[in-house]
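From first to last, the protein sequence lines stand for chains A and B. Its first residue numbered 0, the first sequence is counted upward by one per residue in numbering that gives the first Met the number 0. Its first residue numbered 0, the second sequence is counted upward by one per residue in numbering that gives the first Met the number 0.
Since the hints were made in silico from the structure, they are not lab data. Using N, Cα and C, we set each Cβ at its ideal position, and we do this for glycine too. Wrong hints could be hidden among the right ones.
[To be verified] Using 16 Å as the maximum straight-line C-alpha spacing, the simulated EDC-like pairs for lysine to aspartate or glutamate come out as follows:
hint: 1; chain 1: B; residue 1: K146; chain 2: A; residue 2: D370
hint: 2; chain 1: A; residue 1: K255; chain 2: B; residue 2: D90
hint: 3; chain 1: A; residue 1: K255; chain 2: B; residue 2: E228
hint: 4; chain 1: B; residue 1: K85; chain 2: A; residue 2: D264
hint: 5; chain 1: B; residue 1: K256; chain 2: A; residue 2: D264
hint: 6; chain 1: A; residue 1: K255; chain 2: B; residue 2: E112
hint: 7; chain 1: A; residue 1: K255; chain 2: B; residue 2: E108
hint: 8; chain 1: A; residue 1: K35; chain 2: A; residue 2: E65
hint: 9; chain 1: B; residue 1: K83; chain 2: B; residue 2: E105
hint: 10; chain 1: B; residue 1: K83; chain 2: A; residue 2: D124
hint: 11; chain 1: A; residue 1: K250; chain 2: B; residue 2: E108
hint: 12; chain 1: A; residue 1: K344; chain 2: B; residue 2: D88
[Unchecked claim] Label pairs and their in silico Cβ distance ranges:
hint: 13; chain 1: A; residue 1: D62; chain 2: B; residue 2: F17; range: 52 to 60 Å
hint: 14; chain 1: A; residue 1: L307; chain 2: B; residue 2: Q65; range: 47 to 55 Å
hint: 15; chain 1: A; residue 1: L8; chain 2: B; residue 2: P116; range: 32 to 40 Å
hint: 16; chain 1: A; residue 1: L207; chain 2: B; residue 2: K124; range: 46 to 54 Å
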Amino acid sequence: MSPLRRFFLIVLLVISAVIINLPYGSTLLKRDLSLKKGLDLQGGTHLVLETDMKDIDSQDKLDALESAKQVISRRVDLYGVTEPVIQTATLKDSYRIIVELPGIQNINQAVDLIGQTAQLDFRQDTSPDAGEINYASPSAFMRVFSFTSTGLTGKELKKAAVNFDQSGQTSGQPVVALEFTPTGAQKFADITQRNVSRPVAIFLDDQLVTAPIVNEPITTGQAVISGNFTSEAASQLTIQLNAGALPVPIKIVEQKNISATLGADSVIKSVKAGIVGLGLVMLFMILLYGKNGFLADIALIIYGLITLTVYKLIPVTLTLPGIAGFILSVGMAVDSNILIFERLKEELRTDRPFSVALELGFGRAWDSIKDANTATIMTALVLINPLNWNFLNTSGMVRGFALTLLIGVLISLFTGIVVTRTLMRLFLLPRSKT
Amino acid sequence: MINFMKYKRLYFLISLLFLIPSLYFLSRFGLKPALDFTGGSLLELAIKPTHIPQVSIPLLQDIARQGFNLDQIQETDSGTYLFKGKDFDQDLNQKFQHEISTFIGEPTEISFENIGPTLGRELIKKTLAGIIIAAGFIMLYVAYRFKDKKYGICAILAMLHDSFIMLGIFSFLGVYLNVEVDALFVTALLTILSFSAHDTIVVYDRIRESLRLNPQLSFTDTVNKAITETLGRSVNNSLTIIFMLLSLYLLGGVTIKWFIFALLIGTISGTYSSTFTAAPLLVLWEEIKNRKKKL
């Protein structure tokens, strides 16, 4: 590829990077391109929940963990938190759920939202006159029910879904369909047998959700709650039923709460530090290497642009240590340039023509650059722990730092070598020789 | 060409000047582990005194003594208050803030952390695993690239030199300034390990190249030549990194101040060690080998 063509490719790359970074880049590419900020920068709550698995068979533990995670996800979604992170982590005998709620300041609110061991249970009417009255009559609403637990709980509910009634007058009306697990189906069959034409109440956290009247014993493990549901009410109930059953008790083992002001302050300070540092490095390069240094500075700006673009495209969640990793990588990015320029000086001392010295300098420096960066890349990979190995670090802060460092090193190899070399060939070599 | 190796005893002496106190502090006092390793709670509050003219630490201590399990209270640079303790959970936190609002004035919670003790123990294990794996990879790579064990061993000695100086300085800071070592410090340590290897590899690469191109030169002269050629690059590159770190240290947030400081020490020590530890060690190695041959 001729230097000129390479130059145009670089220009193209820079233009696309600029477009992506412009405020209206998101609308242009129809994708959200804002920088993702970690909890430490935008404020929020970080919780680590430990599940209590002592009552769960060992082969079911992972399932229980997964469904607990889903329950929590649903609750958080119901609550309307933007971009929550909910993930599971297992280590030997502990099964954990990590929850990050950006923007949630009130930790109590968050804990209430997640931590409540909401229990769904089915109850039957055991008041003295149970069974003797007509539940369908309006007068039935006047008396006090005395519901007691039947032993059937949310653990045995497989799922709830919104359906539309297929039969009779109520055809087309939304209903809530319940599906039980095999043991749940058995229990439900017994309960409905005992309570024909009596209500079976569904309680969520000791709150009555609904108390439909049993028309006939149900043995299939499937039940339908019909009533005068609107679509919204039916789906609301479905969510509650699905979300209600937290399969295992959970307890908070770690919590962090960061105020948004602290985060915003950190961002401003880091950006200021980054700009000052960058200015110093650029000035230093020009003072030291003159024209070459100036070209390296251009490559450095391209480096910054591309890195920012990559952060947005992956997307990388920026944390404070992540920003530090980026700023550090700017200092490291000029390393390949310095290696090359020092080499170039040496080659020029041996009275070689500039064009030859340039190519030799780049060629010889490449060996050192390659070896030296391999060590950094390996360390960053161990810290990022891309395969999620449990015996290695999983801390978001450490990963954030290592990820930005890795991206920085990889991109700096490109800008430090390909971009600088192309610029130098184009602008520093005598015209006739290119 | 400058005869750098003439003064190699001086370089070792300078290294020892830092290494011996480092090892002394490290073995005598160890490191002060932070909350993420030990478990416990950390609460930061901004308190606006409305009931009394001024917030005072003794007053806060009096309140904290009412069964709140908070054993450390300090004022930060930005006028907020840090409370540390064990078994201080969300419930106690609320009650504590309520007490403060009754006696002093409305508190604003800046941050609250509560970490269980098991998590801390796990982090220590994970951290050690990380260090061992990363250091192992770097060693294997150096050994593979240089095929000659003297390069591999000397590069690792230089890495150890940097790690011990960093650990020693933080042990010292722990004793005198209560600086704690957290997961980020470990990250800094690993970054410096790779930086140290990075720098040493550049110098060694040059030594090998010179050995090939100028077989007539003695080993010591080859090393001298390589150092003369790479010292400029080494210093310049470290300077650019130091510029970035210094501006982060001086202008960046408080949260990462010690992390940046650790990187700063490591960068300086790494630059020194690649030229003035790793290279003279090679020369020493050759000298001992030659002496043995003569015997």
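Here's how the hints hold up against the structure:
| no. | hint | in the structure |
| --- | --- | --- |
| 1 | K146/B x D370/A | holds, 14 Å |
| 2 | K255/A x D90/B | holds, 14 Å |
| 3 | K255/A x E228/B | violated, 50 Å |
| 4 | K85/B x D264/A | violated, 29 Å |
| 5 | K256/B x D264/A | holds, 14 Å |
| 6 | K255/A x E112/B | holds, 4 Å |
| 7 | K255/A x E108/B | holds, 11 Å |
| 8 | K35/A x E65/A | violated, 26 Å |
| 9 | K83/B x E105/B | violated, 20 Å |
| 10 | K83/B x D124/A | violated, 52 Å |
| 11 | K250/A x E108/B | violated, 23 Å |
| 12 | K344/A x D88/B | violated, 63 Å |
| 13 | D62/A x F17/B: 52 to 60 Å | holds, 55 Å |
| 14 | L307/A x Q65/B: 47 to 55 Å | holds, 51 Å |
| 15 | L8/A x P116/B: 32 to 40 Å | violated, 55 Å |
| 16 | L207/A x K124/B: 46 to 54 Å | holds, 48 Å |
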